[in-house]
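S.K.: What follows is the residue order along each chain.
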Amino acid sequence: AQSVTQPDIHITVSEGASLELRCNYSYGATPYLFWYVQSPGQGLQLLLKYFSGDTLVQGIKGFEAEFKRSQSSFNLRKPSVHWSDAAEYFCAVGARSNDYKLSFGAGTTVTVRA
Amino acid sequence: GAGVSQSPSNKVTEKGKDVELRCDPISGHTALYWYRQRLGQGLEFLIYFQGNSAPDKSGLPSDRFSAERTGESVSTLTIQRTQQEDSAVYLCASSLGTGGAGEKLFFGSGTQLSVL
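Top line first, the protein sequences correspond to chains A and B. Letter 98 of the first sequence, counting from 1, is numbered 98 in my numbering, and no numbers are missing. Letter 31 of the second sequence, counting from 1, is numbered 1031 in my numbering, and no numbers are missing.
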């Protein structure tokens, strides 16, 4: 079964600075990979996903993520953080089968300081 | 509807009582999922439906938990004889139901369950 690890529980970043959130997965083949964001009082929203092809994936809100097979990682990045990016971010992995189940990491909370 | 709707948004109950949590998925979405989010933890898969059937119930923590879906629409998650460890946010999501685990999930805002 697949699993996900997000090593950083909490990250604080200054507005305008760059952000990188780490995600490592465990799965025997190439999985589907996702990043979801949960803003305060709102439901989870998909930021981006990786299926195949180009390992650098662009998402909404200026986020991107890079799939690195050799490192079993799918780190999320943003070059310049805005105060509205303060939220909890979840990495998720899905198996390439008919299974619809996603496994989520424990999440990383991002605080943006002025 | 426009999005996934869950009710109630908050539920406080006493240990040993039964609770029902409701989820209205996006119209036309055949796949529906229940996840649990305990404080400080990631989302824990409970069950998913494809239409009215549940191919994967592997995440249900115990036989106190059950879920059903009728008319390929509304789903109800029932927890019997609630325990304090059941306290969590219960999230429902839906998707088109044609693409397996690669599909985009649309989440509701969740039901915050507190068992006293």
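By construction, these hints were calculated from the structure, which means they are not laboratory data. It is possible that some hints are incorrect.
To spell it out: a stretch of chain A is covered by chain B in this simulated footprint if at least three of its residues, at any positions, have a beta carbon under 8 angstroms from a beta carbon of chain B; those stretches are [as the list claims (entries may be wrong)]:
#: 1; region: 69-80
#: 2; region: 83-97
#: 3; region: 102-112
Glycine is no exception: its CB is placed at the ideal position from the N, C-alpha and C atoms.
S.K.: Indicate, hint by hint, whether the structure satisfies it.
M.R.: Evaluated hints:
| no. | hint | verdict |
| --- | --- | --- |
| 1 | 69-80 | violated (count 0) |
| 2 | 83-97 | holds (count 6) |
| 3 | 102-112 | holds (count 6) |
When the structure is compared with the earlier hints, a violation turns up for hint 1 alone.
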